[in-house]
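Engineer: Quick note on numbering: the sequence shown equals residues 16 to 350 in the numbering used here.
Where hints are given, some of them may not hold.
As the list claims (entries may be wrong) - What follows is a set of in silico ranges between Cβ atoms, one per label pair, in the way DEER data are often shown:
#: 1; residue 1: M40; residue 2: S115; range: 35 to 45 Å
#: 2; residue 1: G155; residue 2: S115; range: 15 to 25 Å
#: 3; residue 1: A22; residue 2: E209; range: 45 to 55 Å
#: 4; residue 1: S19; residue 2: S103; range: 19 to 29 Å
#: 5; residue 1: L80; residue 2: R123; range: 32 to 42 Å
#: 6; residue 1: D47; residue 2: P78; range: 38 to 48 Å
#: 7; residue 1: E124; residue 2: G155; range: 35 to 45 Å
#: 8; residue 1: R211; residue 2: T112; range: 11 to 21 Å
#: 9; residue 1: R23; residue 2: E209; range: 38 to 48 Å
#: 10; residue 1: D37; residue 2: P206; range: 33 to 43 Å
#: 11; residue 1: R100; residue 2: E124; range: 11 to 21 Å
#: 12; residue 1: G252; residue 2: H169; range: 27 to 37 Å
Bear in mind the hints are in silico, worked out from the structure with no lab data behind them.
Positions of the beta carbon are idealized from the N, C-alpha and C atoms, including for glycine.
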Amino acid sequence: MGSSAYARAGETIMRICRGEADVRMLRLEALDAIRRAVSFDAYAWLLTDPETSVGSSPLADVPCLPQLPRLIRLKYATAVNRWTRLPSGAASLHEATGGSLSLSLMWRELLSQHQVTDIASSVYRDRFGCWGFLDLWRIGAPAFTAADIEFLGHIAGPVTAALRHGLARTFIPATGSDQLPAGPVVLLLSPALEVRAQTPQTQRYLQVLVPPEAEDQAPVPAGAYNVAAQLLAAEAGVDDNPPVARVHLAGGRWLTLRAARMDTTPAAGGTRRRGQHRTLDRWRPGNRVRPGVRPDPARGRTAPASRRRRHHPRGRPADVRVGEHRPGSPQVDLR
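With the sequences and hints as input, model every part of the structure.
Structural biologist: Here is the structure:
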């Protein structure tokens with residue numbers, strides 16, 4: 016690919032980043048521009064909680080969607096080129112492993128079956144936190160070139176700023192937004208991130224977070240998969256960020272997803288089943304939960320709160336809670 020193609024794509028991305036598109040449209044338009052300079056066969060682009068780096072709000076087109084829970088679990092469990100360890104910019108799996116892709120747990124246990132030949136990983140991080148990460152896959156094709164990675168690193172700065180500013184705009188209240196049922200919203204997951212049970216309200220929230228392509232399709236609990244996968248990664252010592260992610264729901268309302276192990280202490284008459292439990296707790300304006308972080312819409316960031324990391328014994332089920340925050344709530348919970 017000639018340098019002129021990188022230059023033209025870069026100019027297009029700069030223009031996109033200066034626009035007012037929401038964070039979903041921003042990513043779609045940026046992906047289209049990137050493809051004009053860097054070819055790829057599949058991708059996954061997630062927003063992340065700026066304080067915990069845990070993913071949410073995915074855009075993805077990958078050949079292993081039926082294996083999505085496994086893919087997400089392996090992504091979080093893989094240390095090689097993990098977005099939390101990359102400097103701001105981009106890196107390729109082929110270069111990081113010296114061509115020995117099997118050093119990557121995700122490639123060894125899943126992506127090798129899909130003939131993935133390289134992954135270009137970009138992280139979008141600034142002094143305010145980590146705002147997202149992007150993986151571009153090549154399937155049955157040559158590895159990404161040094162020029163490809165340099166280009167992806169070059170655009171990381173403006174894309175980071177655009178994501179941050181786009182998320183800041185979501186704090187603006189909207190009128191006439193859909194009323195969602197009151198919580199609690201809970202998902203019970205197996206250690207393999209398979210959904211075992213959920214409360215009646217859960218599906219409606221999931222439909223808003225990740226709308227299914229067809230009305231008769233069940234929504235994918237991608238955000239819940241991510242916080243649960245982070246819990247497993249923390250337990251394995253891969254990353255010590257807490258399994259928490261805040262995500263925009265709609266109309267200026269935000270949700271907090273949290274993962275923790277369920278109690279498996281033997282109860283009278285038998286033992287409790289193991290699994291991962293996800294809950295969406297709903298808070299109304301004026302509710303205070305501590306410790307927390309206060310959103311700063313003007314600057315698109317959150318003021319850091321004291322961070323407490325909880326470590327849970329391995330083998331216990333995980334409890335993922337999601338709390339709703341409406342405009343006017345003084346704090347966004349980060350327990």
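Engineer: All hints, please: hold or fail.
Structural biologist: Quick rundown of the hints versus the structure:
1. The given range of 35 to 45 Å is respected by M40 and S115, whose C-beta atoms sit roughly 38 Å from each other.
2. Restraint check, G155 to S115: a C-beta distance of roughly 18 Å satisfies the suggested window 15 to 25 Å.
3. Checked against the hint of 45 to 55 Å, the pair A22 and E209 passes, with Cβ atoms roughly 47 Å apart.
4. Roughly 26 Å separates the CB atoms of S19 and S103, a value that falls within the hinted 19 to 29 Å.
5. Between L80 and R123 the beta carbons are some 20 Å apart, a value that contradicts the proposed interval 32 to 42 Å.
6. Between D47 and P78 the Cβ separation comes to about 20 Å, which falls outside the hinted range of 38 to 48 Å.
7. A beta carbon spacing of about 19 Å between E124 and G155 contradicts the range 35 to 45 Å that was offered as a hint.
8. A C-beta distance of roughly 36 Å is found between R211 and T112, which places it outside the suggested range of 11 to 21 Å.
9. Judged by the Cβ atoms, the range 38 to 48 Å given for R23 and E209 holds: they are separated by roughly 45 Å.
10. Against the hinted window of 33 to 43 Å, the Cβ-Cβ separation of D37 and P206 comes to about 35 Å, which satisfies the hint.
11. For R100 paired with E124, a C-beta distance near 19 Å keeps the hint of 11 to 21 Å intact.
12. Between G252 and H169 the Cβ separation comes to about 34 Å, which falls inside the hinted range of 27 to 37 Å.
In summary, the structure is inconsistent with hints 5, 6, 7, 8 from the numbered list given earlier, while agreeing with the others.
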